[in-house]
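K.L.:
Single-letter residue listing:
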Amino acid sequence: MVAAVVLVCWVVAIEVRLVVLQVWQHDELSLRAERQQSETQKTPGKRGEIVDRHGRLLAYSVDADTIYAVPTDIDDAVKAADRLCGAFDECDQKDRDQLVERLTRKRRNGSLTSFQYVKRRATPIEAKRIAALEMKGIGFMKESKRFYPNRELAAHLLGYVGTDNAGLHGLEATYDTSVRGREGTMLVQTDARGHAFSRLDRPPTTGGSLELTIDEQLQFIVERELMAGVAAARADGGTAVAMDPHTGEILAMASWPTFNPNQYQGTSDSALRNRAVQDLYEPGSTFKIVTASAALQEGVITPDDLVDTQGGVIKFPGRRPITDMGHDYGVLTFANVIVKSSNVGAIKVGLMVGPERMGLYIRRFGFGKPSSPDFPSESPGIVWNPSKLNDSALASVSMGYQVGVTPLQMAAAASVIANGGTLYEPHVVRATVKGGVRTAVPPKAVRRAILPETAATLTTIMESVVTEGTAKRARLVNYTVAGKTGTADKLVHGRYSSSQQNVSFIGFVPSRNPIMTVIVMVDSPRVGGDTGGAIAAPIFKNIADASLRLLGVTPTINPLPPVLVARRNDSPVTAAAAPMGPAVVTMPASMSDGGGLPDLRGMSARDALRELARLGLTVRMEGAGVVVDQNPAPGSLIEPGGACTLVLNRRPPPRPTGALGDPR
Amino acid sequence: MNKAGTFEYEIRKDFRNNQIVREVDERRLRDLWMSLGIGLVLVMVLLFSAWQHFELLRHGYKLEQMQRDRSAENDINRHLRLEMETLRSPQRIEKLATERLGMVSPGDAEAVVLERVTPPEAPARSVVASR
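Chains as they are written, first to last, in the numbering used here: chain A, 1 to 664; chain B, 1001 to 1131.
Derived from the structure by calculation, the hints contain no laboratory data.
Owing to the predicted nature of the structure, the values given are computational and were not obtained by experimental measurement.
There may be inaccurate statements among the hints.
Chain B is nowhere near these chain A residues, computed Cβ spacing over 10 Å in every case [what the hints assert, rightly or not]:
hint: 1; residue: Thr-113
hint: 2; residue: Ala-131
hint: 3; residue: Phe-220
hint: 4; residue: Lys-315
The calculated BS3-like cross-link candidates involving lysine-lysine, where the alpha carbons are at most 30 Å apart (straight line), are [claimed, not checked]:
hint: 5; chain 1: A; residue 1: Lys-136; chain 2: A; residue 2: Lys-94
hint: 6; chain 1: B; residue 1: Lys-1062; chain 2: A; residue 2: Lys-136
hint: 7; chain 1: A; residue 1: Lys-369; chain 2: A; residue 2: Lys-444
hint: 8; chain 1: A; residue 1: Lys-142; chain 2: A; residue 2: Lys-79
hint: 9; chain 1: B; residue 1: Lys-1062; chain 2: A; residue 2: Lys-142
hint: 10; chain 1: A; residue 1: Lys-128; chain 2: B; residue 2: Lys-1013
hint: 11; chain 1: A; residue 1: Lys-42; chain 2: A; residue 2: Lys-128
hint: 12; chain 1: A; residue 1: Lys-42; chain 2: B; residue 2: Lys-1062
hint: 13; chain 1: A; residue 1: Lys-315; chain 2: A; residue 2: Lys-388
hint: 14; chain 1: A; residue 1: Lys-472; chain 2: A; residue 2: Lys-348
hint: 15; chain 1: A; residue 1: Lys-79; chain 2: A; residue 2: Lys-128
hint: 16; chain 1: A; residue 1: Lys-94; chain 2: A; residue 2: Lys-128
From the three backbone atoms N, C-alpha and C, an ideal C-beta is built for every residue, glycine too.
Construct the complete structure from the given sequences, taking the supplied hints into account.
P.N.:
What follows is the structure, given as structure tokens:
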């Protein structure tokens, strides 16, 4: 009887416990079990790549380990902080104290927090060192980190991203929505020992990629020469823009001082500023190309018409006389007014054009509104309402004062003359790549600003500026250059300073069928002169010289005769005219079709060049004649951008006996 | 405890049933085999189901490990690509060329441009091949 009662009680107790667990506490316990057995992890979306026009990486995201702590699982916070600190690359006493404070931080109810970051986006070596410590309560999670492999290169253009992976500056901010990837989620099921055995995930998506119009090598040249020029002049800063005048594609855009977007924290505002689009400046004499365009296009004057510079002084009521900086040019042809950059001459021509037409051409050249949608921070510039332009103001505008422009607007305006009269919208995004589909951004012709004949006349005048005018230091040995210098006193505290100037040079090379338009602007030079001709023109020259060689542009002054390889009956191959000595020819790279290197032996130098250029390879040539040897050998695999050496000889290599085509 | 004058005897009856033919109950035998078969099938099903379950678990672990490996390899690949691009940067190459190797930019006499060759433009909309 007793045993029966005990048995019944036992059964009842078990049943009650089962009911409590499986019915009464079902929801709560199910939830707890689910929490223990499965875990939802968020995987960060990766930002798309930013590459240059040849596919070279400019911005790239990789996953980095973020180290976190579960303070409730850490027994001794001080000891843990010491060990963690010892594993970091840099950790001083202050960092150590902060870490201890985080590990011992308490909630309102007095309990320890359950999650604290130890270090976000640690370096792989740091993560490895900490993982090796096998510390209790320390975990790892992946977070995407943006890297800029070329450091300062094109920093102003690219911008940077913040810790939450959002673009904060430059193209990273402008194209943030298309470049930023979508976060993914992952449901991981784990066993009793915490080992994951299955997962259901919505993978993170990688954002779209941007292919820029920038050429990495060209950008490097522009930055190098700008930095050297600014340093030599001990100037406050400077900017340079290189642009394709036929499409509006920006090939390079540099500002100095610059910054490293990998470590942008603590950078001064001055270094962060993209001077090419954010700085408004009075262009000075470079703006005379707009005055001249208006005058020539409207038939107000011809290049040979005479203009009296009246002793180099012109007066307007209520202001100081405007001078030719002490020069008395006497009577000049209109062409020479531009060549010698006579202020008085330009003013007189501007007055002949009149305020209405001057205002019209200023707008036609794209001034007064942002020139490119790729730069939302671009200043629209400041231009006069034509109805309010009196003679005094018109005089200032005619010589490039009392107008505010950005260097990019000025480059676009010069490109109008370079390409024969069409204003193109400057742009820096060449194509977007989303889901494996590349969509090109077509060039956008805004309007025809002047006729081709007017552009050609102006080009001739601008060539003279370089050959015999104010920009002799921009002259190149092998190429014709068209350009215009500019020097403008800076407005400091509402007054024009006599010691601080914005000096600039704008030009295009080769002047006939130009490859690029380049503007160089230097802010407040202190050494070596205070004019555009003395400071900015040499920088332009250095940029153009290196760039034309990089782009493989054939000389326009005393060009080499074409390479001809003739076959005669008596002698197998004779080079009528061949490249002299060792030659380096570089071409823009393109993607290889994946095949091996073709057999170039027996081909003429020119045919071999074409073939290798098609594969995106750099060519080094030794000797003259036809290709007799090549390194790497035919069939070798070589990456786009790699170099191939061709050995040339006037006699072809001996053919193996019995080879195809062997006459024997 | 036998009393005198009494005797005990035992009668042994000899049963001979070897001639009785035991008939095989086909139906019951069939039922038996069927039961055994069903039992066996059930056991097999049970074993198969258990095997499947454990295989699923094993493959789950394996798949998980492979996914982790793949993710790690991808990460390494991306890090290596980044390192490659960093090493390829024009600043670094120029620094090495000029400072360590003593190289100089070619002058007009050393560099002769024969012809400018530009690769053809990609069509406006194209599919990008992944490497």
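K.L.:
Run every hint past the structure and note whether it holds.
P.N.:
Now the hints, each set against the structure:
1. Thr-113: holds (29 Å)
2. Ala-131: holds (13 Å)
3. Phe-220: About 4 Å separates Phe-220 (chain A) from the closest Cβ of chain B, which leaves it inside 10 Å; violated.
4. Lys-315: Label holds. Min Cβ-Cβ 48 Å, cutoff 10 Å.
5. A:Lys-136 <-> A:Lys-94: Satisfied, since the Cα-Cα distance of roughly 23 Å is no more than 30 Å.
6. B:Lys-1062 <-> A:Lys-136: At roughly 26 Å apart (the allowed maximum being 30 Å), Lys-136 (chain A) and Lys-1062 (chain B) satisfy the hint.
7. A:Lys-369 <-> A:Lys-444: Distance ~16 Å between Lys-369 (chain A) and Lys-444 (chain A) Cα, so the pair holds.
8. A:Lys-142 <-> A:Lys-79: holds (25 Å)
9. B:Lys-1062 <-> A:Lys-142: Distance of about 21 Å is within 30 Å: holds.
10. A:Lys-128 <-> B:Lys-1013: Violated, because 95 Å separates the two Cα atoms, which is more than 30 Å.
11. A:Lys-42 <-> A:Lys-128: holds (22 Å)
12. A:Lys-42 <-> B:Lys-1062: holds (22 Å)
13. A:Lys-315 <-> A:Lys-388: holds (19 Å)
14. A:Lys-472 <-> A:Lys-348: holds (25 Å)
15. A:Lys-79 <-> A:Lys-128: holds (19 Å)
16. A:Lys-94 <-> A:Lys-128: Holds: Lys-94 (chain A) and Lys-128 (chain A) sit about 23 Å apart, inside 30 Å.
Of the numbered hints listed earlier, those contradicted by the structure are 3 and 10.
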